[in-house]
Structure formats: C-alpha cells, structure tokens
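Got chain S sorted already, so can you dock chain X onto it with the hints?
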Amino acid sequence: MSSTQPTLFRLPPAAQYQLDEEGRLRHFLTIEGLPAELLEEILSTAQSFHTASDQAARKVPLLRGKTIVNLFFEASTRTRTTFELAAKRLSADVLNLDMATAATTKGESLLDTLRNLEAMHCDMFVVRHHQSGAAHFIVRHVAEHISVINAGDGRHAHPTQAMLDMFTLRQHFSDFGAITVVIVGDILHSRVARSEIQALRTLGVGEIRVIAPRTLLPREATSLGVIPFKSMEEGLVGAQAVIMLRLQKERMHGSFVPGEAEYYQLYGLTRARVELLAEDGIVMHPGPVNRGVEIESAVVDGPRSVILKQVRNGIAVRMAILSMAMRRHAW
Amino acid sequence: MSSHERVDVGAVLAHLGDSVKSFLTTRGISLPVFVGIHTGGVWVAEALHAHCAVAEPLGMLDVSYHRDDVARTGVRPLKPVHMPASLDDRHILLIDDVLFTGRTTRAALNELFEYGRPASVSLAVLVERPGREIPVAPDLTGMRLELGPEDRVKLQGPDPMELVITRPNDSLLGEPAR
Numbered sequence: 209m210s211s212t213q214p215t216l217f218r219l220p221p222a223a224q225y226q227l228d229e230e231g232r233l234r235h236f237l238t239i240e241g242l243p244a245e246l247l248e249e250i251l252s253t254a255q256s257f258h259t260a261s262d263q264a265a266r267k268v269p270l271l272r273g274k275t276i277v278n279l280f281f282e283a284s285t286r287t288r289t290t291f292e293l294a295a296k297r298l299s300a301d302v303l304n305l306d307m308a309t310a311a312t313t314k315g316e317s318l319l320d321t322l323r324n325l326e327a328m329h330c331d332m333f334v335v336r337h338h339q340s341g342a343a344h345f346i347v348r349h350v351a352e353h354i355s356v357i358n359a360g361d362g363r364h365a366h367p368t369q370a371m372l373d374m375f376t377l378r379q380h381f382s383d384f385g386a387i388t389v390v391i392v393g394d395i396l397h398s399r400v401a402r403s404e405i406q407a408l409r410t411l412g413v414g415e416i417r418v419i420a421p422r423t424l425l426p427r428e429a430t431s432l433g434v435i436p437f438k439s440m441e442e443g444l445v446g447a448q449a450v451i452m453l454r455l456q457k458e459r460m461h462g463s464f465v466p467g468e469a470e471y472y473q474l475y476g477l478t479r480a481r482v483e484l485l486a487e488d489g490i491v492m493h494p495g496p497v498n499r500g501v502e503i504e505s506a507v508v509d510g511p512r513s514v515i516l517k518q519v520r521n522g523i524a525v526r527m528a529i530l531s532m533a534m535r536r537h538a539w
Numbered sequence: 597m598s599s600h601e602r603v604d605v606g607a608v609l610a611h612l613g614d615s616v617k618s619f620l621t622t623r624g625i626s627l628p629v630f631v632g633i634h635t636g637g638v639w640v641a642e643a644l645h646a647h648c649a650v651a652e653p654l655g656m657l658d659v660s661y662h663r664d665d666v667a668r669t670g671v672r673p674l675k676p677v678h679m680p681a682s683l684d685d686r687h688i689l690l691i692d693d694v695l696f697t698g699r700t701t702r703a704a705l706n707e708l709f710e711y712g713r714p715a716s717v718s719l720a721v722l723v724e725r726p727g728r729e730i731p732v733a734p735d736l737t738g739m740r741l742e743l744g745p746e747d748r749v750k751l752q753g754p755d756p757m758e759l760v761i762t763r764p765n766d767s768l769l770g771e772p773a774r
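Protein chains in written order, with this note's numbering: chain S, 209 to 539; chain X, 597 to 774.
Calculated directly from the structure, the hints in this document are not laboratory data.
These numbers were taken from a predicted model, which means no experiment stands behind them.
Hints are not guaranteed to be accurate.
[To be verified] DSSO-like mimics (lysine-lysine), calculated; alpha carbons at most 27 Å apart, straight line:
{"no.": "1", "chain 1": "X", "residue 1": "LYS750", "chain 2": "S", "residue 2": "LYS517"}
{"no.": "2", "chain 1": "X", "residue 1": "LYS675", "chain 2": "S", "residue 2": "LYS296"}
{"no.": "3", "chain 1": "X", "residue 1": "LYS675", "chain 2": "S", "residue 2": "LYS267"}
{"no.": "4", "chain 1": "S", "residue 1": "LYS517", "chain 2": "S", "residue 2": "LYS267"}
{"no.": "5", "chain 1": "X", "residue 1": "LYS617", "chain 2": "X", "residue 2": "LYS750"}
[As the list claims (entries may be wrong)] Here are some chain X residues the structure puts well away from chain S; computed CB gaps all over 12 Å:
{"no.": "6", "residue": "SER599"}
{"no.": "7", "residue": "VAL603"}
{"no.": "8", "residue": "LEU620"}
{"no.": "9", "residue": "GLU707"}
{"no.": "10", "residue": "ARG748"}
Here a beta-carbon is modelled for each residue, glycine too, at the ideal position from N, C-alpha and C.
Okay, chain X solo, but in the shape it has when bound:
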C-alpha cells in the first residue's frame, strides 16, 4: 500500500520569499538574476520573482542536455530557455523545487557557466529532502521533508501549486515520518 499526501505550498512559498528578501539584503545584492530550473523550479522562481519584485527578467534553464543520465534517457527537445545576454559579474539565485540527489543542481551549474562568469551563485529550493549524492547544499530552504529513499515528492502546478508526497512502503513503516 502506498500513501499520497498533498501539501499546499502557499505558506512555504511566502516563507521562502521572505528568506530570499532578507538574504539579498544581508548580502548587499541589489540587482540579482533569478534563474529557475524547468519545470517545477520555474514555477517556484516565478512566484519568488514576483514576491521580491526583481527588475531583471526571470531566467529559465532546461538542464536536460547537461544531466549525467541523458545517455540513457535519450535526447528530447528542450523547454524554452531564457537567460540575460551575459551572466558576467552578476549575482545569481538558482531556484529549484526539490533538492534530492544534487545532480540537477550540478547540471544547472555547468550550464550556467556556459553563459558567463557570475560573481556568485546561491541556491534556493522549495523542498529539501535527504539523499544527496553530490556535495550540494541549499542557501535557502522553504521546508525540509524527512523522506526515505523510496519516497517520492513532486511539485504539481503551476496553479494551484501543491506538493504530492508518495510513500510506497507506508504500511510497513507505520506512521509517516514528519
């Protein structure tokens, strides 16, 4: 028996948005570039971009061609990619929905640096869960979910945005971890 749980992310997004604002203030970053990772990361980035009233248009990355599993999955057309003409000396806030293994972040960093040499890159994620396979840590986190290796969490959206948590071994584990 598997269990599904749906979590509305409105409050989490608002919390993350406030964290981003104070993070930018603390760091003295006045002209940040927000970059969302397709697909869920772009939804989160759109919300944060509006919340923080960022002047620079939102950047969007599809990291499929930089993923380390593309040789197995095959090449598919990319979703629309937008990026400022140059990222040289800019402060980048990279935004994703879920931080799990860290491989997507790695692929996004590789692709980002194809566009120039940013002054800094910070990582904001809506959800952080255990399971890192690469030394990546977020600078800003909306919420942390204590999930087992077989559990899945997926952001559905964009309107309304909600997290769907699936625990395949729920009946064996008893009470879901919170």
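So that you can see chain S by itself, here it is in the shape it has in the complex:
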C-alpha cells in the first residue's frame, strides 16, 4: 500500500458503519456501540441455526447465489473453517483467499485486490488482519453492496468470537445478571478479551473480573468496567465461567512475562484452581490452546471444559451474523 493511505489506527466510531438506517446489521466490526437488543437478536437467530449434536446439519437457502470471500491476512484454522462451514450451510459460494500467499505479496495493493473481488461480484468479505482497524478501512473503501465481517483485527476486536462465547454462556446460564465471568491472561494484547468484555457488559453480566500480570493488563482496565485481580486464588472464587486466553507470543515485543514456567505457576488454570469456581462453573478458551502453558491438559479435556462446544457453537453464531448482515434486496 502507498504511504498516503489513511492510518489504520485512528478508529472511527463503529456504530455509524455497522447499522443501517433501520438499526439492522450492515457490517459486523466490533461489539462496541451495538445495542443489547441486537446482540440478543444474534443469539436468538443463532439458536435457530443450532442443531443438537445428534442431529444432521441441515442447509438453508438463505444466501443462495451470494458469494462470500474469506480474506485472511493472518493465519487461522478454527475461525476460517467455521466461517466457511457457516457460509456453506447458508448455501453461499465461498472463496478462501490466503492473503499471505496471494497477489499482495506480488505488490498488488489491498485496494486493488478489493476492486478485483468487487469485479467478481462478491457480496461479503470476512476479514482477518494483523492491523487494528483493517476491517473498518475496508468498509470505507468497498462498494456499497458489500458487507464486511471482522474475523479479528490486530489487538482491536474479534466480535464473532465474543458472540459465540456469549452463546455458549447462555446455554449454561439463562440469567446473565446473576453470573460472574473471569477472563485470565493477556488482556493487553487480546482482541478477544476486548470484545468479550464489551459483550459481557452490554448483555448485563453481573460481575466481570480479569486476572493478569500487571504488564499484560491495560492501564484503563477499571474504566472498562472490570474488576482486576492479582491472583488466581482470589479471582476464580465462586465464578460461573472462566475464559482463558492464549499467551500470544507473536504479539509480544519485549518482556511482558518472566517466563513460561513462572507464568503457568502464577496464572495457569490447573485442576486444583478449577475447583475454586462455582459448582456449576465452566472453563472456556477461544483456542488455540497451549496445553501446559496457560491451562493444564487435564482441564482442557475435563468435565468443566466447554472448549469444543465453543467451536461447534461458532458455526451457528456465524451463520446468524452472516445472514443478518447480508444486504437485503430492495425490489
């Protein structure tokens, strides 16, 4: 891209881009600014697409004739494949573009790539990018008829992950006001944490705690409406859910944590620490899981773990978001 490109970091207020004049979803870039009613509608619509594990998955013709492009500038397995499955179950055609090996490495600018995809009559872009604000940037530069879904941008947001976690929480706890949710780990670098906190707050979760080394906690933590705890022993007590974050080595430049062994000793979710949760408490992790780094292997596979359920729920939640954001015909 040329040096005159608009900066990706000055993020405009998302609400003006995300909703149409009737308040319905147009793009899905961030949880920030979205009303609780819309998040609830996403959860209800996802429930319509949800199939029990003993049922065969059914296709619906909602996006027949539409083309969805998975535009991934950053590696992803779970998110990309569940977006692909979601699009296919909605009967859309799907293009998977691995931008790390695509034309951009031959010198084509992002905007030229977008123009080419528009020329192919694509209807929706699902974007993952290592720069914060990349999805906003694309919204401002694509044709009017295209919807953009943020599948993770830099440290900024990962709103579909947050919504599938809300869906998973809702399966276990119908009254969000009565539960305590704890997020553990690298809050500072985590787009998942940011989106989770916004979604938990919007949906009125009773108490949101974070547990992290001071170096991995954003300075504005308390203004986010969360209660910071220094130790697992204090922070996990009586909580209904703990969301473990992956230690993101690739996003750390400088020494934020002393070492993996010490991190695990202080912040790792062990079997003993799981016992501190409420009796019905569940263990969540957005993946990929680093066994023995932030979570004990036996906890990942243990009875409290809903980690694979989260992956499964990702399909129904992404079906809901894709179908709600698709442009409606005006005829």
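Using the frame of chain S, we list chain X on its own:
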C-alpha cells in the same frame, strides 16, 4: 371503506377434523405425522392433532428461512421447531391455516425434505382462497372463501380461534362475495 368480518372457526375445524380422520382411514395410514406451519398452521394442527388423537408428537415448522422473499424481509429468529428424529418412510399431514399463493407450502415442502424422505405428504388447510402462484392444491379443506386479490384473511388465536376477513374495496364492490 374497508370492511372487517369475523368468523368463528369451531365448526370449520370440526368438519376438517372429521375429513382428516376419514382421509387417513381411506388411505390406510395408521401412524401419521402431523406437521403445522407457524404461526396459524400450528394452532390448526394442535386442534386436529387432539381431534384425531395422533400418537406421534406434533411437528412444527417455521419456514421463514426457506421463503423466497427472505432476501427482502431480512432474517429473524425462528419460532420453536419440533420434528421427529426422522421423517423417512412416514406419512406426513402438512397443516396450514390459509392456502393463498402456495409459496408457504412450497417453502414447507423444501424444509420437510431436509428431515428425510417421507412416504407421502398430504396438505390440509383450514381456508382455501383463490390466488395460487404455484401449482399447489390441498387434499383437505375446511372451507373455501371466494376472495378478491386485494382481500385479506387472517387467522387469529389461539384461544379463541377466529378468521378476520378484510375487504378493502368493499364499498366499490357492493355485496361481499360469499
């Protein structure tokens, strides 16, 4: 001037229920699956299900995601859907409140076949009115209303269930068609 007319459907339902019973007997169907289409169709189906004392729990379909106008109306959460684990080799009685264009029936058939390969599908409707846009005909009909293209009929319910007929051009047409 438009006119509203309210029609109690108790007698029509009873008539339709008897027709369903003799239809099942004639066809030799002993274990039917009744499936109602949300919203009014489910009310009618509940009444028929009780009237005919069907063993299999009532199936319910919300066909919104299979309708051909969803790209215009947008996606909304579905109403509760219940269906037997498999429809393979079962005899299905599909039930709706009003048969008009036939598009809802088409959407329901598409969705039904996502659940398996039924042995047969029959259609029972409380009200049949003119205006078909798709080649669909009911096997069983509670009553037939001769309505014009601008006239509307809607089932309100579930308790009590009554038909509301609206004729927007009533003053121009004079006597309502019966």
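ask   = Which numbered hints turn out to be false for this structure?
value = Failing hints, ascending: 1, 9.
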